Amino acid sequence: MRGGRQLTAAAALALAALVGLAGCGKKAAVRPACPPGQDCVLIGNAAELSSLDPHHVTGIWEARVMRDAFIGLTVDDVDGNTQPGIATSWETSADGLVWTFHLRESVWSDGAPVTADDFVFAYRRSLDPKTANETAALIYVLKNAQPVNAGKLPVEALGVKALDPRTLQITLEHPAPYLPELTKHLSMLPVPKHAVEKWGDAWAQPAHYVSNGPFTPAEWRLGDYMKSVKNPRFYGTAGVCPAAVYYYPTNDAISAERRVLRGELDVSTDILSNRIAYLQKKAPGYVRVKTWLGVAYASFNSNVPGLNDPRVRRALSMSIDREFITGKLLRGGQLPAYTFTPPGMANYTTVAPPEWSSWSFERRQAEARRLLAEAGYGPGHPLKVEIKLRNSPDPTLFYPAIQADWKSIGVDARLAQVETQVAYADYRSRNYQVADAAWIADYNDPITFLFLMRSDTGAQNYSDYRNPAYDGLLAKADAEADAKVRATYLAQAEQLMLSDAPVAPIFFYVSKNLVSPSLSGWVDNLSDRHPSSQLCRKKD
Amino acid sequence: MASFLLRRLLTALPTLFLVITAAFFMMRAAPGSPFDSERKLSPEIERAVMAKYGMDRPLGEQYVNYLKGVVHGDLGPSLKYKDKTVIEVLAENFGVSLTLGLSAIIVALIVGGTLGVFAALRQNGPIDYLASTLAILGVCIPTFVTAPLLVLLFASRLELLPNAGWNGGAPENLILPVTVLALPQIAIISRLVRAGMIEVLRSNYVRTARAKGLSEFRIVTRHVLRAAVGPLVAYLGPAAAGLLTGSLVVEKIFNLPGLGKFFVISALQRDYTVVMGMVIFFAALILVLNLLADLLLAALDPRMKLS
Amino acid sequence: MIPGSPERSQMMQAAKGRSLWDDARRRLLRNRAAVAGMIVLGVLVVLALVGPSLTGVAYDVIRKDDVWLAPLQGGHLIGADSLGRDLLTRLFMGLRVSLAIGVVATAVSLVIGVAWGAVAGYFGGRLDETMMRIVDVLYALPFIFFVILLMVTFGSNIVLIFVAIGAVEWLTMARIVRAQTLSLKQNEFIEAAQAAGLSRLAIVTRHIVPNLLGPVVVYVTLTIPTVILAESFLSFLGLGVQAPMASLGTLIANGAQDMELAPWLLIFPSAVMIVTLMAFNFIGDGLRDALDPKDR
Chain W
6 MRGGRQLTAA
16 AALALAALVG
26 LAGCGKKAAV
36 RPACPPGQDC
46 VLIGNAAELS
56 SLDPHHVTGI
66 WEARVMRDAF
76 IGLTVDDVDG
86 NTQPGIATSW
96 ETSADGLVWT
106 FHLRESVWSD
116 GAPVTADDFV
126 FAYRRSLDPK
136 TANETAALIY
146 VLKNAQPVNA
156 GKLPVEALGV
166 KALDPRTLQI
176 TLEHPAPYLP
186 ELTKHLSMLP
196 VPKHAVEKWG
206 DAWAQPAHYV
216 SNGPFTPAEW
226 RLGDYMKSVK
236 NPRFYGTAGV
246 CPAAVYYYPT
256 NDAISAERRV
266 LRGELDVSTD
276 ILSNRIAYLQ
286 KKAPGYVRVK
296 TWLGVAYASF
306 NSNVPGLNDP
316 RVRRALSMSI
326 DREFITGKLL
336 RGGQLPAYTF
346 TPPGMANYTT
356 VAPPEWSSWS
366 FERRQAEARR
376 LLAEAGYGPG
386 HPLKVEIKLR
396 NSPDPTLFYP
406 AIQADWKSIG
416 VDARLAQVET
426 QVAYADYRSR
436 NYQVADAAWI
446 ADYNDPITFL
456 FLMRSDTGAQ
466 NYSDYRNPAY
476 DGLLAKADAE
486 ADAKVRATYL
496 AQAEQLMLSD
506 APVAPIFFYV
516 SKNLVSPSLS
526 GWVDNLSDRH
536 PSSQLCRKKD
Chain H
53 MASFLLRRLL
63 TALPTLFLVI
73 TAAFFMMRAA
83 PGSPFDSERK
93 LSPEIERAVM
103 AKYGMDRPLG
113 EQYVNYLKGV
123 VHGDLGPSLK
133 YKDKTVIEVL
143 AENFGVSLTL
153 GLSAIIVALI
163 VGGTLGVFAA
173 LRQNGPIDYL
183 ASTLAILGVC
193 IPTFVTAPLL
203 VLLFASRLEL
213 LPNAGWNGGA
223 PENLILPVTV
233 LALPQIAIIS
243 RLVRAGMIEV
253 LRSNYVRTAR
263 AKGLSEFRIV
273 TRHVLRAAVG
283 PLVAYLGPAA
293 AGLLTGSLVV
303 EKIFNLPGLG
313 KFFVISALQR
323 DYTVVMGMVI
333 FFAALILVLN
343 LLADLLLAAL
353 DPRMKLS
Chain S
5 MIPGSPERSQ
15 MMQAAKGRSL
25 WDDARRRLLR
35 NRAAVAGMIV
45 LGVLVVLALV
55 GPSLTGVAYD
65 VIRKDDVWLA
75 PLQGGHLIGA
85 DSLGRDLLTR
95 LFMGLRVSLA
105 IGVVATAVSL
115 VIGVAWGAVA
125 GYFGGRLDET
135 MMRIVDVLYA
145 LPFIFFVILL
155 MVTFGSNIVL
165 IFVAIGAVEW
175 LTMARIVRAQ
185 TLSLKQNEFI
195 EAAQAAGLSR
205 LAIVTRHIVP
215 NLLGPVVVYV
225 TLTIPTVILA
235 ESFLSFLGLG
245 VQAPMASLGT
255 LIANGAQDME
265 LAPWLLIFPS
275 AVMIVTLMAF
285 NFIGDGLRDA
295 LDPKDR
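Chains as they are written, first to last, in the numbering used here: chain W, 6 to 545; chain H, 53 to 359; chain S, 5 to 300.
Chain W extracted, bound-state conformation (with noise of 0.2 Å):
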């Protein structure tokens, strides 16, 4: 071995020579997909997209692109709010029950009209079982949609109706006055008949495609990219400011996040929470949080013995510093959460925050310590509860928190880290003891969150939450055709379940994107939706 004593000369050296190898880069930002001077947008988009076809896909970030390809009944506006889409204008009878919708003269990217029958095509295709549509039951209001998806009826008996090429009537189970802000969902996307039926699945391939949004997606490239460009009859498409839009497959937020510093992308759609200060200083005006519609909660299992005490698990909840763990760990904007629905739902009141939310921390730890001996937990005989959570970012920073406020009341706690796909199969098996969990709304109303805690709901009721009292506020709710009293119905319902504590509220989700500025048109808004037409690179 001759090392040694040259040791530190020679990496010297080395390092020079690395120097030397990388001198070749230039310095400018390369944005080879979208030169200066076009009208392109590129987003760091999360992850991969599973399909492009609307009917095959769940995750925000596919919404995200299918929205921008397809025009519902409704659409967002730049704020995330609802706004006529297809349908000019609509109407309901009396009981809530009818709705027809009247929808505008406009054609598919190919030329064909867009019509009613479209919709009907759609909706059945939607909850069609031979499709696996994995979010049909987001649409269950729609008349009979829950038997044709189990397919004990078949497809036509779907309460929806093409009265005429432009006329469109739906029928439901029960009064839901957020109907128009279910038409935007994934479920509730047209698809274009004529295509389908000519090439099947394969429809959605990008040779093949046919939207009738702004954008069509015209290349894939797995795990680079997919390139969606202008689609000059959109009805709109005057107002669209992108000639294309990327989206790339960002599964490292930290990557992303250098990349649109660099100026290599226009948008990353997720920032690790603990980066925000530091980004905010780094690059001012990149950085824009706003308070989403979700929430991070704890679940306990009620099967689980001590766990079934609504004593402990209240004491579990309010010995959570939330304070702490959104103000010093997460510390991008996060609000502490008390209650399980996120302020600044629509069709909703406030509900109030259990009164221990006020106390100061060491009061609450005293009284959790109480509520635990009640329940015939002390020092001799300590609580043993084991956490499992979801190997990711937000979850791995928190959670040892949450293990240490529990330990400081007296609680054995044990975290459990395992990856998100088991973590899920494991809650819906009821293998947990404390679940990591967490809930984005599908639409703006309270029944997106509330809906988790019907005994009816089965598998996604984590915590195995029964009370009858609690569903029935709930159906009471759902048969109210006045959006008023349904609130009022559904805020009871909360309270209720929040005293019952079969989960522990920790913090309201906000979005977090990182924007360029030279982007114009991003309007941060309680959805987090931004619809790409509107987004504008300032000429330099």
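FYI, nobody ran anything at the bench for these hints, they're computed from the structure.
Given the structure is predicted, the values throughout are model-derived calculations rather than measurements.
Be aware that one or more of the hints could be misleading.
Some, not all, of what chain W presents toward chain S, calculated at C-beta under 10 Å [unchecked claim]: (1) Arg-263; (2) Tyr-283; (3) Lys-287; (4) Asp-326; (5) Asn-396; (6) Ala-409; (7) Gln-422; (8) Val-427.
Straight-line alpha carbon distances no greater than 25 Å define the calculated SDA-like cross-link-like pairs of lysine to any residue that follow [stated by the list, open to error]: (9) W/Lys-148 - W/Pro-182; (10) S/Lys-68 - W/Glu-328; (11) H/Lys-104 - W/Gly-64; (12) S/Lys-68 - W/Trp-364; (13) W/Lys-157 - H/Tyr-105; (14) W/Lys-287 - S/Asp-69; (15) H/Lys-104 - W/Leu-227; (16) W/Lys-148 - H/Glu-96; (17) S/Lys-68 - W/Glu-372; (18) W/Lys-389 - S/Val-163; (19) W/Lys-389 - S/Met-249; (20) H/Lys-134 - H/Ile-72; (21) W/Lys-286 - H/Leu-204; (22) S/Lys-68 - W/Ala-406; (23) H/Lys-134 - W/Asn-256; (24) W/Lys-135 - H/Pro-110; (25) W/Lys-135 - H/Pro-95; (26) W/Lys-157 - H/Arg-109; (27) W/Lys-287 - S/Pro-75; (28) W/Lys-198 - H/Asp-135; (29) W/Lys-232 - H/Phe-146; (30) S/Lys-68 - W/Ala-421; (31) W/Lys-287 - H/Leu-205; (32) H/Lys-134 - H/Phe-146; (33) W/Lys-135 - H/Ser-94; (34) W/Lys-203 - H/Pro-129; (35) H/Lys-134 - W/Thr-63; (36) W/Lys-412 - S/Asp-69; (37) W/Lys-286 - S/Glu-264; (38) S/Lys-68 - W/Asn-396; (39) W/Lys-135 - H/Gln-114; (40) W/Lys-135 - H/Asp-135.
For each residue, glycine too, the CB sits at the ideal point set by N, CA and C.
Chain W is already provided as a structure; the job is to place chains H and S on it using the hints.
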């Protein structure tokens, strides 16, 4: 020669069979399924999905069906990329891994070879020290340490190079990942070349050549280098395997759309068919590369018998 | 090196005598890099064993005010991590875990490899052919993929990491041991033992295995760093040891995430990892040179 090839093929088949079998049952034994997500599927839909992919059958039958498919060159549809077959997924990503691997091996051969030659010619000179230091560092500094450090330096601090992304294989995007991949290989190759050359330089026929008054340059290029190539070629088979492993990390860190990145993602998402396809592909690739290395070795050195 | 070469078997035969081991020790101690490696490794082992209890704070204690404190602030010699935990303590702990994984997994590979290789080499014939064919087949597997599959299948728990990596590393050991056994078999003392009526199994366990020490020791010192690397590699892909436990790999992976904000989280664990690997490699190379005078 023919019998050698035949024998190698006969070992390759059980290897592949074992690979398929082990991977198939391990993947299926893994908890979680490709269809688990935040949102629970209704039982009817789940049944329809399972039927669509033939996963409603008993495991043994699925296994036999899978084997039948493989024999016919059909690796099935991807369970996660619903509009793609496994072959398409492999084909779309292999190019990236190949570009990375080939570039890294070429860089490593050039840099490592040069270092090794000069180190051997000037033993205990500065280049020799540089080479041996690099060799130690190359072996001891793992790729997942060099990669972030180089990103920190060249992308974040100096802002010379992009820190991630493929961009159609633009040279700027290739520099960092290829450097990271090549470093350990440079280390090993320079060591191999140095050792091989020193041995030859001391041999009798080099002494004879010197005595005949041949110039040092001619001796090195004509005789020494040729002899030193042998161990290098023998090393290329295992090197390819090493590059594959390295590219797992490199593709992840630099977010490159290669097979390594897809393998990890697919394994985590339980995309059974894609994982299986990749394992089979890699196993076959390693078998072929080892075979090629042996053939090349035999062609270079007639004394070596194929056995 | 070519295991089983004539020089080596002579050397191994002589290894019976004390003088060769004395010789080897002297040569090893003359090798400055190897001696430095041994000293560094000794220090690292001591730190791994007692370090976590010397810092006065446990590796998983969260100090709510110390999130991302830089080195030398708030009583953290080399800083605190994203949860306000003391990095030095976690580094010692990580070192302990990594070394433990290295040693245990290598032991697993040692046991399987030595048993497999010795049996195949000694019994020879059909058995040998079958056993080594199995090794050949396993060799061609893309192993890192199988380790990933193993972690995915059985979840990442520390015992499994030991077993998985150990099970991968035994193949080379088996080959080395077999070749060594083949040449040992020809030796007179084996023939003597056979003549004395010892059972074949007894010969393998009492005479063959103890005489494999030299090459096995060299290979072991080179396997430990490989295993440490493999574990870190898994940690880097998110399949390593469980939080809040740490290994060098998880520390580096987390440090790489936050490297712009808190470079110390990447630099210190990386440095310890590199020093550890170098120490092992220097010792391994030194041992090889010392035990095999041919290269001198």
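Hint validity - W/Asp-326 Cβ closer than 10 Å to any chain S Cβ: Since the shortest Cβ distance to chain S is 8 Å, the answer is holds.
Pair hint W/Lys-198 and H/Asp-135, alpha-carbon separation not exceeding 25 Å: holds (18 Å)
Pair hint outcome, H/Lys-134 versus H/Phe-146 [Cα-Cα no greater than 25 Å]: holds (19 Å)
Agreement of W/Lys-148 and W/Pro-182 with the hint, judged by alpha carbon distance not exceeding 25 Å: holds (15 Å)
25 Å Cα cutoff - pair W/Lys-135, H/Ser-94: holds (13 Å)
Pair hint outcome, W/Lys-389 versus S/Met-249 [Cα-Cα no greater than 25 Å]: holds (19 Å)
Closest C-beta approach of W/Val-427 to chain S relative to 10 Å, hint status: holds (7 Å)
Minimum beta-carbon distance criterion (10 Å), W/Ala-409 to chain S: holds (5 Å)
25 Å Cα cutoff - pair S/Lys-68, W/Asn-396: holds (23 Å)
Satisfaction of hint between W/Asn-256 and H/Lys-134, Cα-Cα up to 25 Å: Judged against 25 Å, a Cα distance of about 19 Å means the pair holds.
Hint consistency between W/Lys-389 and S/Val-163 [alpha-carbon to alpha-carbon, up to 25 Å]: holds (23 Å)
Hinted pair S/Lys-68 and W/Ala-406, Cα distance within 25 Å: Given pair S/Lys-68, W/Ala-406 holds - Cα atoms ~9 Å apart, limit 25 Å.
Violated hints: none; the structure is consistent with every hint.
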